[in-house]
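Protein chains in written order, with our numbering: chain A, 291 to 601; chain B, 172 to 564; chain C, 73 to 175.
One or more hints might be untrue.
Stated by the list, open to error - Below, simulated DSSO-like cross-link-like pairs (lysine-lysine); rule was C-alpha separation at most 27 angstroms, straight line:
id, chain 1, residue 1, chain 2, residue 2
1, A, 296, C, 164
2, C, 77, C, 124
3, C, 122, A, 301
Honestly, the hints are just simulated from the structure, not real lab data.
Residues per chain are reported as follows:
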Amino acid sequence: MAYNLKESTKKPDRLTGGHRMCAGCGAPVVVRTILRAVKEEDHAVVGAATGCLEVSTCLYPFTAWKDSFIHSAFENAGATVSGAEAAYTAMKKTGKVEGDTKFIAFGGDGGTYDIGLQSLSGAMERGHDMVYVCYDNEAYMNTGIQRSSSTPKYADTTTSPAGTVIPGKPQFKKDLTEVMVAHHLPYVAQSAPMTNFKDLYDKAEKAIYTKGPAFLNVLAPCPRGWRYDTPMLMDIIKLAVDSCVWPLYEVVEGEYKLTYRPKIKVPVADYLKPQGRFRHLFKSDVGAEMLKDLQKEVDRRWENLLKLCGE
Amino acid sequence: MAIRDKLSGNEAVAVAMRQIDPDVVAAFPITPSTEVPQYFSQFVADGKVHTEFVPVESEHSAMSACIGSESAGGRTMTATSANGLALMWEMLYIAASSRLPIVLSVVNRALSGPINIHNDHSDSMGARDSGWIQLYCEDNQEAYDNVIQAIRIGEHPDVNLPVMVCFDGFITSHSVENIELLEDDKVKNFVGSYHPKEYLLKRETPIAVGPLDLQPHYFEHKRSQAEGMTNSKKVILDVAKEFQKMAGREYGFFEEYRMDDAEVGIIVLNSTAGTAKTVVDDLRDKGVKAGLIKIRVFRPFPFEELGKAVSGLKALAVMDKSDGFAAMGGPVFNDVRSAMFDYAKDVPCINYIYGLGGRDVRADDIAKVYADLGKIAETGKVKSTFNYLGVRE
Amino acid sequence: MSDKKRRFVFTPESTWEEMPEGGLILDAGNADDFLTGDWRNIKPIWHEDKCKQCMLCYPVCPDSSIEVEDGKMTGIDYDHCKGCGVCAHACKFGAIDMVDEAE
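Isolated chain A (complex conformation) (with noise of 0.2 angstroms):
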């Protein structure tokens, strides 16, 4: 069925309010979504990673999730979720539950890209029907906004802070969709909640109704560890995607598929101003080398995914 917003809004909401997610925070409008996307006949259980996520939406003797939800550790949603995944299969062997679950994970990019990473792959490699989505605000949020393999380059962060002889974080951000590319699974995309959410909802839609294991990265600004003004939490993101440091692809059984192509590609640097944990960028020559530094990279990367999408 194709997207329509307004026909979307008629689903009840997955994801209640009343959840301590700071305000303006990307992760749960990233949820939402992606739960929009299950199927309102369809059961679903949601595992979450230690984080942002799991502590303000699961504490006692609060829940802000509809459906089942199950959070065990840090480093294991992938696992966890496999899991629950294999007794459904069991259990249906034996006649013991009906009907359709889908098994969704969420972990942000501390349980995905680093700590979590060998039980995301696991999980992925084995097949098990689910879905792995990581919502990305690209540091340890919810420990205070330190880097993890997921911070841009030269973002200041308290464990990569930018410092008088070391300017933030050194490293380029990881590839991870790239990674989960290189395990053949049914279905991989990168996305962000933008404009009108058709990218993301069509993205969950297809993770959560292919066979197999799925995987989704995608975009959660933090207005805390980014440090720009809250109420522009969308224009953030639209600078993200329009500047090509955060492309809108899928990978189908291997093929690439560019789904946003911006009519007119940002400079890195206007999507970098608005953040405070850029601002070091902005007040000096060395700055504004480290500006091109960042757009070589982006560029980079952007001329490669065009090649593999054809484009």
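Given the coordinates of chain A, assemble chains B and C onto it according to the supplied hints.
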């Protein structure tokens, strides 16, 4: 009609698992427990079970997947040893606090370092505070019987706790001995089906498992968890009674071997008990009033029962196949001594740490222990409370 | 405030025996009972006359606080709205304004 067979401990446990036919087995190989998932995956490949076998990529993921599976409502089992158990350490605590009756076979092997693949009890002893019920097994028969009983013990609504069944690596896991197996339908009827009250896949009432639990709530949840462990004492005995009716073999918290009028005794776990029993028999032939107690249930610790059981002795030695490095003897010794303070204050009790890293323990080593106990019984004096048996010094 | 029947309601007097075992939460979605509306310093005001019912504010709200019924916006859930301002900023038609909470 029981089935007579010759099986190694690992194969016996795998057979028990086949007969139980759990929903999920998520396991990662580690010597000497590897054969358990190996034998089991052959059963899966031949369609002899309905189980979903999840070949996870690490032991941490094994216990994580078991937690996911059991929370979802699936009966779940696995096996590991030593550093595999250590790698899943944080998840053991989470399985217990989430009240999930997972059954884990721990094939006892020394914890690194240095790395050693042979038998001692440092792995399961290291997990004694994790909230798991711990059953120890002398041989392949006990391993088989305990795995079957573990399902009923853990899943009892008054308990809802995970259970680890511990038996000695290589000595029990790989030695082929005679065994009496039960018929498939007998085991099936004994364990029944798993009917958790709440589970993730129960559509009518979705739940949340594993919330963030702050200061106002954590303590109450842990108190509730402690109650489950306390309740398990009665359940363990009730299940053993039912098992005896079906299988004819008797189980309790511990086995008392020739303890009735014993004056000198030892407390020992797992396969060494077998060796020690022959020493006791020899001593009895010579007129020495020797006995031994083999602990089966280490967690929950049979505080009152064990304390009372040793109160008639003139000298007791506790054998520990692991060192707690507390500078005050091994873990079993310390738990026993604590119980004796209430029930057997006057009995001199000493400790021997032995067999670390698979160091062989022989009948004459154990005979030496009884000789030491004999001197203590005679003189009433203890020369040395903390001892090592079998180390070159 | 939700009037849903809850299987267990925690109070500061709840004893360990009363609380569901294992830390389980038996009432899925009961966070609805927790009112985050008092986090606000500023609040959104919806001008129904300017609203084009485009629904662009609906998915951007982190707190599910844009109320819709049958494909039409009906208001704002002030019990849960944290006043982040993302909806007002996302609205192309000036139908949502952020004003001081005191007003």
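Indices of hints not satisfied (ascending): Of the numbered hints given earlier, the structure breaks just one, which is hint 2.
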